[in-house]
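K.L.:
One-letter residues, chain by chain:
There are 2 protein chains.
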Amino acid sequence: MAEHFSDRLVRAIRAKKSVVCVGLDPRLDKIPESIRSAARAVFPNDILAAAARAIFEFNKGLIDAVADLVPVVKPQIAFYEMFGAHGVQAFADTLKYAKSKGLLTIADAKRNDIGSTAQAYAEAFLGTTEVFGEKVAAFDADSITVTPYLGWDGIKPFLDVCKKEGKGIFTLVKTSNKSSGDLQDLAVGVGGAQTHALYETVGHFVESWGADDVGDEGYSCVGAVVGATYPEQAKALRKIMPETIFLVPGFGAQGGTVEDVLPCFNEGGMGAIINSSRDVMFAYEKSEKFGPDDFAAAAREKVLEMNEQLKVVFA
Amino acid sequence: MAEHFSDRLVRAIRAKKSVVCVGLDPRLDKIPESIRSAARAVFPNDILAAAARAIFEFNKGLIDAVADLVPVVKPQIAFYEMFGAHGVQAFADTLKYAKSKGLLTIADAKRNDIGSTAQAYAEAFLGTTEVFGEKVAAFDADSITVTPYLGWDGIKPFLDVCKKEGKGIFTLVKTSNKSSGDLQDLAVGVGGAQTHALYETVGHFVESWGADDVGDEGYSCVGAVVGATYPEQAKALRKIMPETIFLVPGFGAQGGTVEDVLPCFNEGGMGAIINSSRDVMFAYEKSEKFGPDDFAAAAREKVLEMNEQLKVVFA
Chain C
0 MAEHFSDRLV
10 RAIRAKKSVV
20 CVGLDPRLDK
30 IPESIRSAAR
40 AVFPNDILAA
50 AARAIFEFNK
60 GLIDAVADLV
70 PVVKPQIAFY
80 EMFGAHGVQA
90 FADTLKYAKS
100 KGLLTIADAK
110 RNDIGSTAQA
120 YAEAFLGTTE
130 VFGEKVAAFD
140 ADSITVTPYL
150 GWDGIKPFLD
160 VCKKEGKGIF
170 TLVKTSNKSS
180 GDLQDLAVGV
190 GGAQTHALYE
200 TVGHFVESWG
210 ADDVGDEGYS
220 CVGAVVGATY
230 PEQAKALRKI
240 MPETIFLVPG
250 FGAQGGTVED
260 VLPCFNEGGM
270 GAIINSSRDV
280 MFAYEKSEKF
290 GPDDFAAAAR
300 EKVLEMNEQL
310 KVVFA
Chain B
0 MAEHFSDRLV
10 RAIRAKKSVV
20 CVGLDPRLDK
30 IPESIRSAAR
40 AVFPNDILAA
50 AARAIFEFNK
60 GLIDAVADLV
70 PVVKPQIAFY
80 EMFGAHGVQA
90 FADTLKYAKS
100 KGLLTIADAK
110 RNDIGSTAQA
120 YAEAFLGTTE
130 VFGEKVAAFD
140 ADSITVTPYL
150 GWDGIKPFLD
160 VCKKEGKGIF
170 TLVKTSNKSS
180 GDLQDLAVGV
190 GGAQTHALYE
200 TVGHFVESWG
210 ADDVGDEGYS
220 CVGAVVGATY
230 PEQAKALRKI
240 MPETIFLVPG
250 FGAQGGTVED
260 VLPCFNEGGM
270 GAIINSSRDV
280 MFAYEKSEKF
290 GPDDFAAAAR
300 EKVLEMNEQL
310 KVVFA
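These protein sequence lines map, in sequence, to chains C and B. Under numbering that gives the first Met the number 0, the residue at position 9 of the first sequence is numbered 8, and the numbers go up by one with no gaps. Under numbering that gives the first Met the number 0, the residue at position 10 of the second sequence is numbered 9, and the numbers go up by one with no gaps.
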């Protein structure tokens, strides 16, 4: 029996005394020239292969720099798909490398579809696919972000794999972007006092979807994405979803502060992880101390700073 | 200036007298043994490469068989991602091959994210990415399916690329699956008579998102996914979105009939395309006339049958 995903995550948070998730959203033009030209020298006639190699080398540097400091990393697949199949291979390699360094992984892919197709996504990202009689794990992430618009039967296939393999999902509930309210804030349910926002309804769904598979540490394998940019909504959602781990984007570059993310936590600093992507990956850009070739050291310093800022949640 | 996506689609429908979209959702275990073993012989030591080759060879057979009969094909990326980067390459190759045979393409990927990430997806699937100073199109699909849960700023980056490149999107509105109503049917908007279902609100969004970029044939580059399994809802949505092309899944295998999809059309058979995946791809399974190696002939016969059934929409 595989260890429950939420137990693995909670124990990693406790062991590393960190609630930070490092987002790995590479931007080729921000990768140091030394890495870019080395990659081009390896693949002089294939710029997509060279781009993918540069991305993976950059990610390896970041992962090495932060592996002992944080419980989890989150590559965003769009930034890999830009480079086609080569980019997707770099995405898979990044997940594998992070795992080899003792990190948990979130495939930030926001997948969603009807049941039979959701099953294919679940097998691809979290489980295994039968290929000519052998079971092959295409990506083998520990967890994946998903979108709830198709309802329960688009979620269930993921949960079947989660239970079997000790994996998890993070469902979009209240996202960090400006127009997240277009749909998510709509008032739902007619009849006076019973109305609430759509994101609250989705919060209730998420809590119920995970309710029958709660780990020893008190959390289910169904997490929720709740943006740091909406602290009031996070407060309401924390009450609706006591057994749900929040993945919180929007900290730092998007405007979320330490104070903004406090409502995402339960007692003792549990129940949430705070993502930072650009601020960590490209910390060298805002640094007087570090140049591009010191990107890893700059990222490490930034993560140490975040851990220090966020240690208040453990109080 | 690139030709408008909706004009390209409407003209292809008219030229081929067909509203059928063939879904390309390969299942390795249903691909004829002759193709599977030939692929394994090419890649004896790499089962994922062999699987990807088998899928692409199978797809080529299908595309050759239907290219003169239908306007558009729709590969569903989950069934390729199961085979990792090799599978994603087969997905890209399938799009390219379909295009070379004069077919329009829909990348069924249901992508969604905040603005900066949505832009990465848009560049990956519809546009170009700058790679070491060169512009590279990773997938170069004519259109992509997207999910609206993040609102306008997750849609806009796609539309920027659509306008520039003559591409389109299909936004999930009312999906064909059983629990589509979990979120999509929720009553939205408080205050008596003004309430309606979430899918209707999304329909209004979709119509407005495309309103400033309507092609010569009267449709915008923002399409809508509306399931064949919900004809009443389709009727309401057709009124809400007069300038929106519907991509209609759920016909055949999922239970939708010709009668069910009629409300999706405007006058003269325009404004909707009807997808069929399994029924066409694996038509040989239900046939007494065709064996596995005749899968292409069986698919062709099935598409001819669908075209005949659906010609009523042009009346």
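Note that these hints are calculated values from the structure, not bench results. Hints are supplied without guarantee of correctness; some may be wrong.
Where chains are identical, the list cannot tell them apart; a pair therefore holds if satisfied intra-copy or between any two copies.
Dumping the calculated DSS-like pairs for lysine-lysine here, alpha-carbon to alpha-carbon at most 30 Å [said to hold, decoys possible]: (1) LYS155 with LYS285; (2) LYS100 with LYS177; (3) LYS285 with LYS134; (4) LYS59 with LYS134; (5) LYS288 with LYS234; (6) LYS163 with LYS285.
K.L.:
Indicate, hint by hint, whether the structure satisfies it.
P.N.:
Evaluated hints:
1. LYS155 with LYS285: between (43 Å within a copy, 29 Å between copies)
2. LYS100 with LYS177: Neither way: LYS100 and LYS177 sit 35 Å apart in one copy and 42 Å across, limit 30 Å.
3. LYS285 with LYS134: between (45 Å within a copy, 28 Å between copies)
4. LYS59 with LYS134: This pair counts as both: shortest intra-copy Cα distance 27 Å, inter-copy 26 Å.
5. LYS288 with LYS234: Classified as neither: same-chain Cα gap 38 Å, cross-chain 63 Å, threshold 30 Å.
6. LYS163 with LYS285: Answer is neither; intra-copy 44 Å and inter-copy 33 Å both fail.
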